[in-house]
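Colleague: Sequence:
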Amino acid sequence: MKVKLITPDAAHAEAWGRALRSESAVALTIVERPMREVNAIVNGSRPDLLVVETPTPEDFLALEQLAGTHPEVDILLVAPEQNPEFLLRAMRAGVREVLPAPASSDALLAALRRLLRKQQGSAGLPQPAARHGELLALVSCKGGSGATFVAANLAHLLAAGGQRRVALIDMNLQFGDAALFLSSQTPPSHVADVARNIARLDAELLRSAMNEVTPGLWVLAAPEDPAQAADVTPAQVRAILQQAQESFDYVVVDLGRSLSSLTLQVLDLADQVHAVLQLTLPFIRDGKRMRDVFRSLDYPADKIHWIVNRHHKDGQFSVDDLKRTLGIGQVITLPNHYEAVAAAVNQGMPVEAIAPTSSIARALRDLAERIAPPPAAAAPRGWLSGLFRGASA
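Numbering (the working numbering), first residue to last: -19 to 373.
Hints in this document: simulated from the structure, not taken from any laboratory.
Check each hint, because a few of them may be wrong.
[To be verified] No more than 27 angstroms apart at the CA atoms, straight line, and that leaves these computed lysine-lysine pairs for DSS-like: (1) K303 <-> K122; (2) K268 <-> K122; (3) K122 <-> K283.
Just so we're clear, the structure is a prediction, and the values are computed from it rather than from any experiment.
Work out the full structure, taking the sequences as your base and the hints as a guide.
Modeller: And the structure:
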């Protein structure tokens, strides 16, 4: 892989250059100048990857202009800004990953390896732990969509009464309350605690941080204190999710609404992304924005699934209106059944347990069966299953 590093900082050029050259698959060129002073990236040989530091808005503007001229070149960006608006702008410019400045050499090298794995397969690089469980990310196109309700109840149904092992992980780190949709139990720990102990993370540590709220369904809660969310890094999120995939058949992640480097990490790792919205103008508008994000990330169409929650046929906008506006195909609908949903939420129980014959319970069962056909019989349990059920025995 041909890599060009552009940075105005001599110390960064030396340290990052040393790290990047440690990969035998990399042929590195270093340009020690501000991005705004770089007029071209093609000097006889087009790079496959640009690693760019943009400490000023002028540098980032120059990067946007260059990316528009060379859309075939992948970009890894190091920048001080990390707010959602900037991240979205970076994605639209074709940036594959944004690292917060100042980035360490280890963080830069890890990001490079992720890109190499995507582009070149193994290429002699260390591979991540073997994956087993399917990762499903639920993201709300706008606050109040009901995505957390859908995530919690979908996870419950996928567990199939204990016939599968399912993890529900609340990655709405500042205001997440997914655990309350399923149980009144006090979580033994939360995502931020696990992140602080990431060096010791294994199946047993992860299980000790979770509650088994219904047979086969384990929940890792968001931190109670929103301030703790600031301490969680994308690398820690990645490690937690990969460990969960080793330990569970399905991992359901409730992402909430905000776009951040943590959110993008989950979306990148997900096998399926379920975007939840409603058929009102504000939701449809934000649905278009979310669609643009997915497209800027080059996600394949079959990775994205659109869910219309609280659907009723007499609304001002139809499912066909949504399809035309977003330019999408299939849409999943969940009916508006306020009484059943309110009863389930207020009692902290799955709607399947409160109102199994309700229209919303039937629709959620259909959704779960689309993802995973009902198991014919309980699968034999191995040592790992015993480990995860031992605490509730």
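Colleague: Now look at each hint and say whether the structure bears it out.
Modeller: Consistency of the hints with the structure:
1. For the hint pairing K303 with K122, the CA-to-CA distance comes to about 17 angstroms; that is within 27 angstroms, so the pair holds.
2. Between K268 and K122, the direct Cα distance comes to roughly 11 angstroms. Compliance with the 27 angstroms bound is thereby established for this hinted pair.
3. For the hint pairing K122 with K283, the CA-to-CA distance comes to about 20 angstroms; that is within 27 angstroms, so the pair holds.
Every hint from the earlier list agrees with this structure, and none is contradicted.
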